[in-house]
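Visitor: Using the sequences and the hints, build the whole thing.
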Amino acid sequence: MSATGKAAALPASAARASAARSGLAEERWRPAEIAFWALALLAMFAFPGYRVLGSQILITGLFALSLDLILGYAGIVSLGHAAFFGLGAYTAGLLAVHGWGEPITGLLAGGAVAMLFGFLVSFIVVRGNDLTRLMVTLGIGLMLYEAANKASFLTGGVDGLSGVVTWKLLGMFEFGLVGTVAYLYSFAVLFVCFVVLRRLVHSPFGLSLRGLREGPWRMPALGASVLRMQVKVFTISAGIAGIAGALLAQTTQFVGLEALGFTRSAEVLIMLVLGGTGRLYGALVGTAVFMIAQDYLAGIDPVYWQFWIGLLLVVIVMFARGGILGGIEMLVARLRGTRR
Amino acid sequence: MLGNLAGVLFDGLAYGSLMFVISVGLSVTMGLMNFVNLAHGAFAMVGGYTCAVLMNRMGVPFLVTLPIAFVVSAVVGTLLERTLYQRLYRASALDQVLFSIGLVFMSIAIATWWFGPTQQPVRLPDFLRGQVRVLGVDLGIYRLFLIAVVVALTAALGWLLERTRFGAQIRAAVDNQRAAEGLGIDVNRVFGFTFALGSGLAGVGGALGIDVLGLDPVFPLKYMVYFLLVVAVGGAGSIKGSLIAAMILGVFDVAGKYYVPEVGAFAIYALMVLLLIPFPSGLYGRTR
Chain A
58 MSATGKAAAL PASAARASAA RSGLAEERWR PAEIAFWALA LLAMFAFPGY RVLGSQILIT
118 GLFALSLDLI LGYAGIVSLG HAAFFGLGAY TAGLLAVHGW GEPITGLLAG GAVAMLFGFL
178 VSFIVVRGND LTRLMVTLGI GLMLYEAANK ASFLTGGVDG LSGVVTWKLL GMFEFGLVGT
238 VAYLYSFAVL FVCFVVLRRL VHSPFGLSLR GLREGPWRMP ALGASVLRMQ VKVFTISAGI
298 AGIAGALLAQ TTQFVGLEAL GFTRSAEVLI MLVLGGTGRL YGALVGTAVF MIAQDYLAGI
358 DPVYWQFWIG LLLVVIVMFA RGGILGGIEM LVARLRGTRR
Chain B
7 MLGNLAGVLF DGLAYGSLMF VISVGLSVTM GLMNFVNLAH GAFAMVGGYT CAVLMNRMGV
67 PFLVTLPIAF VVSAVVGTLL ERTLYQRLYR ASALDQVLFS IGLVFMSIAI ATWWFGPTQQ
127 PVRLPDFLRG QVRVLGVDLG IYRLFLIAVV VALTAALGWL LERTRFGAQI RAAVDNQRAA
187 EGLGIDVNRV FGFTFALGSG LAGVGGALGI DVLGLDPVFP LKYMVYFLLV VAVGGAGSIK
247 GSLIAAMILG VFDVAGKYYV PEVGAFAIYA LMVLLLIPFP SGLYGRTR
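Protein sequence lines correspond, in order, to chains A and B. Residues in the first sequence are numbered from 58 upward in steps of one, following this note's numbering. Residues in the second sequence are numbered from 7 upward in steps of one, following this note's numbering.
For the record, the hints were derived by calculation from the structure and aren't laboratory data. Hints are supplied without guarantee of correctness; some may be wrong.
Dumping the calculated EDC-like pairs for lysine to aspartate or glutamate here, alpha-carbon to alpha-carbon at most 16 Å [said to hold, decoys possible]:
#1 A:K207 with B:E268
#2 B:K246 with B:D144
#3 A:K207 with A:D358
#4 B:K228 with A:E315
#5 A:K225 with A:E159
#6 B:K228 with A:E203
#7 B:K263 with A:E159
Guide: Quick look at the structure:
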């Protein structure tokens with residue numbers, strides 16, 4: 058950023074700087090956030106029998122974060138985000154099947170492939186209105202699902218990709234049945250990605266994304282290239298989704314066709330909305346609540362679970378926009394209001 | 007080969023006709039109310055189950071079940087529209103999507119609970135089964151019947167929209183809601199009637215489609231993308247667009263499954279994405 062470049066549009070840049078400053082003030086880690094992460098780590102010791110579920114939650118939480126980035130911050134609706142998740146999963150899985158089971162490079166490869174694909178399709182996704190975006194993302198997701206389904210020589214088709222062997226993490230820690238390494242690995246990846254995303258949404262770029270969401274017609278007037286911003290954020294989001302998918306493939310040592318399925322795209326949307334969009338933490342809280350409830354209720358009867366989740370969605374849309382975190386924020390605001 | 011081609015074309019048109027009957031209501035409600043309704047297939051499923059239950063448990067003749075399916079779906083549609091949908095007309099596309107996915111999940115669970123997870127068998131009456139040979143091509147009688155029904159329904163819809171006072175009100179409300187309200191049209195009432203009509207047509211389509219599409223609880227999810235595709239490609243609010251899109255979709259889907267079965271449904275999804283690149287708001291969509 059050169060000073061001369063900014064001087065050309067002084068009022069706009071001054072406004073932007075002050076906006077950035079107010080955004081950057083949020084960047085300091087609050088005690089509640091530190092407690093949140095400490096709890097997520099401690100959960101592993103508190104519920105040793107649930108480490109497998111725990112790492113599933115961490116992975117899906119990362120996936121939900123990637124959706125929050127485009128939906129909650131850039132306002133791009135997607136019904137096919139599983140495409141990138143599945144692409145990352147199959148990339149890492151295929152690498153491991155064909156003799157390269159090193160976790161971290163596999164993770165990066167999964168992310169890179171999903172990112173590339175995300176970049177390519179972003180141009181056709183971001184144009185058009187909400188309905189077109191929904192249809193295009195849905196169509197891309199279904200296309201990949203069908204492609205993986207039919208290319209069974211490569212992906213194993215409906216039987217899934219088995220024979221995934223993940224090497225020891227850092228050459229030292231083996232992925233065992235108890236799931237300790239898987240949990241810690243997922244936790245570390247989620248945390249690193251979260252820190253990156255947290256910085257991103259509090260950066261000037263993140264602020265201009267929010268500007269785009271709130272007023273898509275005003276941002277071009279401020280000199281922002283809307284297409285470029287949307288392509289950029291979509292690409293990053295696809296990459297994160299790919300990392301989440303690769304993580305699932307490596308920790309479960311299996312890739313099923315459902316990694317690409319519509320249900321996954323829809324469920325991650327539900328989790329995000331349940332927690333609250335545009336907050337980052339909403340994605341994580343929503344995922345945890347959803348998956349714990351699913352683990353408990355779907356064990357009783359999967360059909361009833363589907364009914365309750367449907368009802369929950371209707372109720373959220375009708376009465377509780379903002380999800381769990383939005384509700385908490387409202388409560389806190391109300392309590393503070395009465396105290397004064 | 008040529009006879010083959012004619013047969014595939016014919017089957018595709020019959021399939022497209024069915025898609026048109028089910029989707030046209032969705033197109034009008036999307037155009038009229040801007041409502042992204044993923045649960046439209048649920049209304050078709052209501053019609054399908056009405057037909058199946060009436061025929062299998064009560065022995066009602068097939069042709070008699072069709073108007074009943076229309077009425078039942080229309081009533082269910084109206085109830086939901088008045089109680090729930092109506093509150094979300096001004097909501098964002100995301101809210102509408104979530105709400106309607108919720109309805110889809112609930113409808114699947116309810117149908118499974120009520121009728122079990124298996125396919126519903128339906129035996130068509132004898133005069134609708136078998137084939138006739140026309141110009142050297144074997145044509146399924148039921149498929150001819152489907153096409154005939156759709157021709158009749160399209161004519162009736164065209165008459166309703168173009169020639170009646172109610173049709174004029176619908177068109178006015180689609181074109182400019184505010185101006186229509188200003189002219190004293192009760193847009194809210196028009197919405198309600200249109201929704202009922204659209205759900206009813208979907209119900210008829212669901213009943214007609216049992217033999218072609220099958221009927222089980224996941225019906226709304228399985229064909230959701232097909233119905234949406236008709237609307238997205240045809241352009242929301244355009245009946246002509248829906249008709250053309252449904253026919254394109256039907257012919258391509260049947261031809262794809264016949265000539266290149268290894269590609270499967272991939273062709274349809276690819277076609278949709280490719281068509282949406284040059285026509286983001288559909289073939290006959292209005293740019294807002």
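Visitor: Does each hint fit the structure? Answer for all of them.
Guide: Status of the hints after comparison with the structure:
no. : hint               : in the structure
1   : A:K207 with B:E268 : holds, 7 Å
2   : B:K246 with B:D144 : violated, 29 Å
3   : A:K207 with A:D358 : violated, 31 Å
4   : B:K228 with A:E315 : holds, 15 Å
5   : A:K225 with A:E159 : holds, 7 Å
6   : B:K228 with A:E203 : holds, 13 Å
7   : B:K263 with A:E159 : violated, 41 Å
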